[in-house]
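Q: Line by line, the protein sequences give chains A and B. Just so we're aligned: the first sequence equals residues 1 to 316 in this note's numbering. Just so we're aligned: the second sequence equals residues 1 to 341 in this note's numbering.
Hint data in this document are derived by calculation from the structure and do not stem from the laboratory. Here the structure is a predicted model, which means the values were calculated and not measured. Be aware that one or more of the hints could be misleading.
Taking lysine-lysine and the DSS-like style, the derived pairs with C-alpha atoms no more than 25 Å apart in a straight line are [to be verified]: (1) Lys315(B) x Lys276(B); (2) Lys312(B) x Lys43(B); (3) Lys52(A) x Lys186(B); (4) Lys121(B) x Lys276(B); (5) Lys43(B) x Lys300(B); (6) Lys298(B) x Lys331(B); (7) Lys312(B) x Lys341(B); (8) Lys331(B) x Lys341(B); (9) Lys212(B) x Lys251(A); (10) Lys315(B) x Lys52(B); (11) Lys69(B) x Lys341(B); (12) Lys69(B) x Lys52(A); (13) Lys251(A) x Lys276(B); (14) Lys186(B) x Lys61(A); (15) Lys184(B) x Lys121(B); (16) Lys61(A) x Lys52(B); (17) Lys43(B) x Lys298(B); (18) Lys50(B) x Lys307(B); (19) Lys118(B) x Lys212(B); (20) Lys186(B) x Lys251(A).
Residues of chain A clear of chain B, computed beta-carbon distances all greater than 12 Å [unchecked claim]: (21) Thr24; (22) Ala41; (23) Arg213.
Glycine included, C-beta positions come from ideal geometry on N, C-alpha and C.
Each chain, written out:
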Amino acid sequence: MIFLPPRWNIKRGLNGDFVFKGMTVLFAFSILGILLLMTVAMYRQSLPSLAKTGWSFITAKEWDPVEGNFGALPYIHGSLLSSLLSLALATPLSIATALFITEVTNRRLGSMIAALVELLAAIPSVIYGLWGILVMAPWLQRTVEPFLNDHFGSLPFFSGAPYGVSMLAAVLILMIMIVPIITSITKEVLLAVPDSQREAAIALGATRWEMIRMAVLPYGRSGILGAVILGLGRAIGETMAVTMVIGNTPKISWSLLDPGYTMPSVIANEFAEASSDLHAAALMEIGLILLVITLVINIMARLLLWSVTRTAGGKA
Amino acid sequence: MNAIRKAFITLALFACALSAGTASAETLINGAGATFPYPIYSKWFSEYAKVKPGIKFNYQAIGSGGGIKQITAQTVDFGASDKPLSDAELRAAHGELLHIPTVMGAVVVTYNLAGVGKGLKLTPEVLSAIYLGQITRWNDPRLVRDNRGVRLPNAPIVVVHRTDGSGTTAIFTSYLCSVSAAWKGKVGTGTSVNWPVGLGGKGNEGVSGQIKNTANSIGYVELAYAFENRLPYASLKNKSGHFVEPSIASTSAAAAGAAKHMPADYRILLVDQPGKNAYPIAGFTYLLVYKHPKDAAKGKQLVEFLKWELHKGQKMAPALLYAPLPPNVIKMVERTINSIK
Chain A
1 MIFLPPRWNI
11 KRGLNGDFVF
21 KGMTVLFAFS
31 ILGILLLMTV
41 AMYRQSLPSL
51 AKTGWSFITA
61 KEWDPVEGNF
71 GALPYIHGSL
81 LSSLLSLALA
91 TPLSIATALF
101 ITEVTNRRLG
111 SMIAALVELL
121 AAIPSVIYGL
131 WGILVMAPWL
141 QRTVEPFLND
151 HFGSLPFFSG
161 APYGVSMLAA
171 VLILMIMIVP
181 IITSITKEVL
191 LAVPDSQREA
201 AIALGATRWE
211 MIRMAVLPYG
221 RSGILGAVIL
231 GLGRAIGETM
241 AVTMVIGNTP
251 KISWSLLDPG
261 YTMPSVIANE
271 FAEASSDLHA
281 AALMEIGLIL
291 LVITLVINIM
301 ARLLLWSVTR
311 TAGGKA
Chain B
1 MNAIRKAFIT
11 LALFACALSA
21 GTASAETLIN
31 GAGATFPYPI
41 YSKWFSEYAK
51 VKPGIKFNYQ
61 AIGSGGGIKQ
71 ITAQTVDFGA
81 SDKPLSDAEL
91 RAAHGELLHI
101 PTVMGAVVVT
111 YNLAGVGKGL
121 KLTPEVLSAI
131 YLGQITRWND
141 PRLVRDNRGV
151 RLPNAPIVVV
161 HRTDGSGTTA
171 IFTSYLCSVS
181 AAWKGKVGTG
191 TSVNWPVGLG
201 GKGNEGVSGQ
211 IKNTANSIGY
221 VELAYAFENR
231 LPYASLKNKS
241 GHFVEPSIAS
251 TSAAAAGAAK
261 HMPADYRILL
271 VDQPGKNAYP
281 IAGFTYLLVY
291 KHPKDAAKGK
301 QLVEFLKWEL
311 HKGQKMAPAL
321 LYAPLPPNVI
331 KMVERTINSI
341 K
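Bound-form chain B, shown alone:
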């Protein structure tokens, strides 16, 4: 019997400790969604905790699809997605759902060609033809024409793509859609598509591993991953006719170029945007927030965080290899954040 009493006391103490923990006036804001911005979001949450100690964020990186489902079902306070929601997805939400762009990423074309460093020049026509299986050899005249002085081998092109469903694939295929009618008609865009040619690698590491191991291969990975692993990357010809290297500045330039025709809900893909320095395969990543949050107190805290992120937070982005929003877009987003009630 003594043992039972002991167990009860332990239990009671444990219960006290639990209720004390929740009673200390801490606001917990829950979010779920995209994996791509997870490193910068965790940085923001931990930095914000130093500014406002009472606010705690719990973010689960379960993928954009999961984030959209959870915010639609209102099981979280904010969602996160790498792709803008479709009209049908917006209609399914409980009330008006806002897209808040936070940072940007880009997709980089990388390759393994002996004796060729970074800076292979690719036009949209050539890149889409390679992925459609219409250009099959490196010494194709269309490739040689753009790369005078580069020794391109007389060898077949080994095409590599992502095989796991991912926002990177969605951005890359939407770029190919916007520059190639043939791609749009034959393949389309999505997190997974029916690839006409090529090998599939799992994740950025699978694609880059495949490329490193395979001579004369080409593939695409996230900008941050390419930079961290020092992969060679191609310069792409943008809408204004310039060959642009992928970089944090050229990714921000893509959003700056898009600002003139930016829709009020930011549902735009930053592919093939105008601007001399705009890199053509970029994209926003968004937080998804209800205009009228279910929990008004939490909503207020979230708005404060968003304002902090938009000014102080942006400066932390380049160190983590994310492109910050350009000033003209920050102004627009600030108005949107202020509209949250």
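Extracted from the complex, chain A is given alone in its bound form:
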């Protein structure tokens, strides 16, 4: 403000509301604008690859920068499998943790645990990655994976040699990384449930579990789903930690013990030294696909939420 002479100040009587509204509209739409510009830029950068491979880019399994053959299916498979599995493991864990903090324990212990969970969310992903490759992967290789292979090796999900770095390692590290996010948002959502809901349920003779199931969770449903979607967003876009533990092998396998590869990882690994313009364009197209997949998942989640609230008869 020092640099503004007094006459530049907004005069009394000039419509402050109008200026405020204009600013918020501008900022809100600038986010849309950035998204749009990014999409256009990525589309234009990926044109050489789009022109050469077309739709078969998504279904082809071979990635050969030397020959100039690019197929993204192993990366799409790896990204979806790792993030959905980690989400399936993290969601119950996070909701249970949030319920413990808000419904089960007392204020002091609850806020202590909440603070610790939020601390986990602040750790940079490269630290998780280093821990993953130095501590978790050797442990998986020596203990967990041989056990799984010995006892469940007949299932396709646990077949193959234990390398340590594997899809399983990526799933576990992603789970650890998204639990704090889902937990802390779910906790806020549950805290926002009015006590009158709980009191009403208890007055009707509900046990604590029945109260949570019938009064608390349905009330916070949309917020919890939002938390889960945010967790998925982080899991699908996570690059560093996953790259360090997944083994970076573009092969499609349903075994959790086999190494895999994800979309962000291949971009991070190969973009700096892409050997040809086509190679760079193919990597850009993977980025475009990642954007589309994230968008589709978000839309599906909205639709799911919408149908759930409708069948339940409006906001419970």
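For chain A, the structure is supplied; the task is to place chain B on it using the hints.
A: Below, chain B without anything else, positioned relative to chain A:
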């Protein structure tokens, strides 16, 4: 109003300070490119600043690909690359672009075998078969034959490779191409390739970490990285039929062996070169300079630096685990530097 005046004065002073800084006759030479030679280049630049205080270098280690792009677009005074440029890349440049070899590096095959120290003997046929997935067990008769007296386990070989695009991978795969027709036909060479088998680690540290953690694994890393981290390394059978340990001397020997058939533009990969002591997986790293630099004054300064680097600078290379150029190659490069106008 007082505050505004103050701000203006500060600004004016700041502007004066800026113009004074640029006016003190300092020549800034910009370069960009390979990350591999970055430690030795920064050493050279800082040592050279003591010899010629007026010259300042600004080198950005953005990768060989980026260095080639920037020198082609003439946004820098010199580029740097770990691989020689292709004919198409040379044609895209504005005028004649020269390769100036500076130092050499080598790629080392490392492994994790309980009870086996350094010096596992590998022939080109065995190494390429391992990376093609044709030799899958350590007690394969072809491995046992070359390593009498070494207890090789009856266990599968875990193959590890670099997953990030890198010059190390380019040199390693071009070696496999030159010794194995099957590799050349099936995989080829490049900064990233479609590996038939194996796990991918990110960077030298990712590959060596994977190998340390995995029993019965094999992989490849830069010579300097292997030495600094005391990794066990294999002796490779070279073109003359000798098993050679990787070292700074044996890497220099690879260039000395190549000198007889060295092309005038140095666009040669130092893999599988003749010579009794030549280590077979080595490579030059180059500075890329225009024969007729856009800025003649800067070009002159750059030539002087190159001459200094070629004589005084080479002596600093071994301490940083780079192999210096052999004398016969230094003579050739000197002629090339003198041709810069």
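Q: Indicate, hint by hint, whether the structure satisfies it.
A: Do the hints match the structure? See the list:
The straight-line distance between the Cα atoms of Lys315(B) and Lys276(B) is roughly 24 Å, inside the 25 Å bound, and the hint therefore holds. In summary, the hint linking Lys312(B) to Lys43(B) is supported, as the alpha carbons are separated by about 12 Å, within the 25 Å threshold. At most 25 Å may separate the alpha-carbon atoms for a hinted pair to count; Lys52(A) and Lys186(B) meet this at roughly 22 Å. Our distance criterion of 25 Å between C-alpha atoms is met by Lys121(B) and Lys276(B), whose separation comes to about 16 Å.
At most 25 Å may separate the alpha-carbon atoms for a hinted pair to count; Lys43(B) and Lys300(B) meet this at roughly 21 Å. Taken as a hint, the Lys298(B) and Lys331(B) pair is honoured in the structure, with Cα atoms around 24 Å apart against an allowance of 25 Å. Proximity of Lys312(B) to Lys341(B) is assessed by CA-CA distance (about 22 Å); at most 25 Å being required, the pair is judged to hold. In summary, the hint linking Lys331(B) to Lys341(B) is supported, as the alpha carbons are separated by about 19 Å, within the 25 Å threshold.
As the CA atoms of Lys212(B) and Lys251(A) are separated by approximately 24 Å, the hinted pair is consistent with the 25 Å bound. Among the hinted pairs, Lys315(B) with Lys52(B) is consistent with the structure: their alpha-carbon atoms are about 18 Å apart, no more than 25 Å. Between the alpha carbons of Lys69(B) and Lys341(B) the distance comes to roughly 22 Å, so the proposed pair stays at or under 25 Å and holds. With a C-alpha separation of about 23 Å, the suggested pair Lys69(B) and Lys52(A) falls inside the 25 Å cut-off, and the hint holds.
Simply put, Lys251(A) and Lys276(B) have alpha-carbon atoms about 41 Å apart, too far for the 25 Å limit, and the pair is violated. Under the criterion of a C-alpha separation no larger than 25 Å, the hint pairing Lys186(B) with Lys61(A) is consistent with the structure, at around 16 Å. Taking the CA atoms of Lys184(B) and Lys121(B), the gap is near 23 Å; set against the 25 Å cutoff, the hint holds. For the suggested pair Lys61(A) and Lys52(B), the alpha carbons sit about 56 Å apart, so the restraint of at most 25 Å is broken.
In summary, the hint linking Lys43(B) to Lys298(B) is supported, as the alpha carbons are separated by about 20 Å, within the 25 Å threshold. Using a Cα cut-off of 25 Å, the hinted pair Lys50(B) and Lys307(B) holds, with the two alpha carbons roughly 16 Å apart. Between Lys118(B) and Lys212(B), the direct Cα distance comes to roughly 14 Å. Compliance with the 25 Å bound is thereby established for this hinted pair. With a C-alpha separation of about 17 Å, the suggested pair Lys186(B) and Lys251(A) falls inside the 25 Å cut-off, and the hint holds.
Every CB of chain B lies more than 12 Å from the CB of Thr24(A), the least distance being 30 Å, so the non-interface label holds. Consistency note on Ala41(A): stated as away from chain B, and its beta-carbon is indeed over 12 Å from all of that chain's, at 18 Å minimum. The Cβ of Arg213(A) lies farther than 12 Å from every Cβ of chain B, with a closest approach of about 45 Å, so its non-interface assignment holds.
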